[in-house]
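Colleague: Sequence:
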Amino acid sequence: MAGLSFAIVLNQTLTSMENNVAVQRTISDQRLYEYGTDMGRKLEAYLRKIPDMENIPIYITLYNSSSADATLPGKFIADGYFTGRAGQFAKNTEQWVLFPSDAAETLDSVTSSEMKSVRTALKEFIPETIAIVGQARFVDRKLDFLRINVVIQAKTYAEIHALTQYLGSLLENFSDKGAIIVANVKNYNDTVAIIQRDADGDLTVIYTY
28 MAGLSFAIVL NQTLTSMENN VAVQRTISDQ RLYEYGTDMG RKLEAYLRKI PDMENIPIYI
88 TLYNSSSADA TLPGKFIADG YFTGRAGQFA KNTEQWVLFP SDAAETLDSV TSSEMKSVRT
148 ALKEFIPETI AIVGQARFVD RKLDFLRINV VIQAKTYAEI HALTQYLGSL LENFSDKGAI
208 IVANVKNYND TVAIIQRDAD GDLTVIYTY
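Per our numbering: the sequence shown = residues 28 to 236.
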């Protein structure tokens, strides 16, 4: 066995019953980190007691399943690589935000402006475009990944094809060339196209209809 990897999933929001009323409490980021790393060290110590596991490399990540918005995923808050008796956890500075939002504007005004331009361009291209929402992941306050969800009400495949090609050209206008950008195009509730712009600039288009 070359090594093991584990993910410890943590919930930052706790619900308890007080006087027959459900009360929610939020654990602070620091307390969640302390609790998660303590669990991780106990897991690593337990695994070391298993025969032939004394020196196997073990990678443990801590994942916070809570998010600032119900439509956003959680985030990894720490990870640790352990070899024998050595190893420790390090904090991750991962953050998810929605475009458009005040949080996105504050964190990255350039990408926020570029997302607004995409929204305007698509609505002018096909007025039946009914929803354009971005979900972005930032690491160390730098854009790392951007997902753009586009929902349209197209009547023909020709419309879908034209919009997809146009959206692909718009993705190339984003100034942050180090981030991966994925656009999902839905016609009503069905995914009809997926576009991906890699960090190296390569563009891939897949039609699913």
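Check each hint, because a few of them may be wrong.
Unchecked claim - Here are the computed lysine-lysine pairs in the DSS-like style, where the Cα-Cα straight-line distance is at most 27 Å:
{"hint": "1", "residue 1": "Lys118", "residue 2": "Lys150"}
{"hint": "2", "residue 1": "Lys150", "residue 2": "Lys204"}
{"hint": "3", "residue 1": "Lys118", "residue 2": "Lys143"}
{"hint": "4", "residue 1": "Lys213", "residue 2": "Lys182"}
{"hint": "5", "residue 1": "Lys150", "residue 2": "Lys69"}
{"hint": "6", "residue 1": "Lys150", "residue 2": "Lys102"}
{"hint": "7", "residue 1": "Lys143", "residue 2": "Lys102"}
{"hint": "8", "residue 1": "Lys102", "residue 2": "Lys76"}
{"hint": "9", "residue 1": "Lys182", "residue 2": "Lys204"}
{"hint": "10", "residue 1": "Lys204", "residue 2": "Lys169"}
{"hint": "11", "residue 1": "Lys118", "residue 2": "Lys69"}
{"hint": "12", "residue 1": "Lys182", "residue 2": "Lys102"}
{"hint": "13", "residue 1": "Lys143", "residue 2": "Lys69"}
{"hint": "14", "residue 1": "Lys204", "residue 2": "Lys118"}
{"hint": "15", "residue 1": "Lys213", "residue 2": "Lys150"}
{"hint": "16", "residue 1": "Lys118", "residue 2": "Lys213"}
{"hint": "17", "residue 1": "Lys169", "residue 2": "Lys69"}
{"hint": "18", "residue 1": "Lys182", "residue 2": "Lys118"}
No wet-lab data here; the hints were simulated from the structure.
Colleague: Are the hints correct? Go through all of them and say.
Modeller: Going down the list of hints, with the structure as the test:
Restraint check: the Cα-Cα separation between Lys118 and Lys150 comes to about 41 Å, which exceeds 27 Å; the hinted pair is violated. With a C-alpha separation of about 25 Å, the suggested pairing of Lys150 with Lys204 holds against the 27 Å cut-off. Under the criterion of a C-alpha separation no larger than 27 Å, the hint pairing Lys118 with Lys143 is inconsistent with the structure, at around 32 Å. Only pairs whose Cα atoms come within 27 Å are accepted, and Lys213 paired with Lys182 is accepted, the gap being roughly 13 Å.
This hinted pair does not check out: Lys150 and Lys69 have alpha carbons roughly 53 Å apart, beyond 27 Å. With a CA separation close to 32 Å, the supplied pair Lys150 and Lys102 exceeds the 27 Å bound. Between the alpha carbons of Lys143 and Lys102 the distance comes to roughly 25 Å, so the proposed pair stays at or under 27 Å and holds. Distance check on the hinted pair: Lys102 and Lys76 sit about 30 Å apart at the alpha-carbon level, beyond 27 Å; violated.
Between the alpha carbons of Lys182 and Lys204 the distance comes to roughly 34 Å, so the proposed pair goes past 27 Å and is violated. For the hint pairing Lys204 with Lys169, the CA-to-CA distance comes to about 11 Å; that is within 27 Å, so the pair holds. A distance of roughly 18 Å separates the Cα atoms of Lys118 and Lys69; the hinted pair therefore holds under the 27 Å criterion. Distance restraint check for Lys182 and Lys102: the Cα-Cα separation of roughly 38 Å exceeds the 27 Å cut-off, and the hinted pair is therefore not satisfied.
A threshold of 27 Å between alpha carbons decides the hint, and for Lys143 with Lys69 the separation of about 47 Å lies outside it, so the pair is violated. For the proposed pair Lys204 and Lys118, the alpha carbon gap of about 26 Å is at most 27 Å, so the pair holds. A threshold of 27 Å between alpha carbons decides the hint, and for Lys213 with Lys150 the separation of about 15 Å falls inside it, so the pair holds. Proximity of Lys118 to Lys213 is assessed by CA-CA distance (about 36 Å); at most 27 Å being required, the pair is judged violated.
Straight-line distance between C-alpha atoms of Lys169 and Lys69 comes to about 33 Å, which puts the hinted pair past the 27 Å bound. Distance check on the hinted pair: Lys182 and Lys118 sit about 49 Å apart at the alpha-carbon level, beyond 27 Å; violated.
In terms of the numbered hints stated before, the structure departs from hints 1, 3, 5, 6, 8, 9, 12, 13, 16, 17 and 18, listed from lowest to highest.
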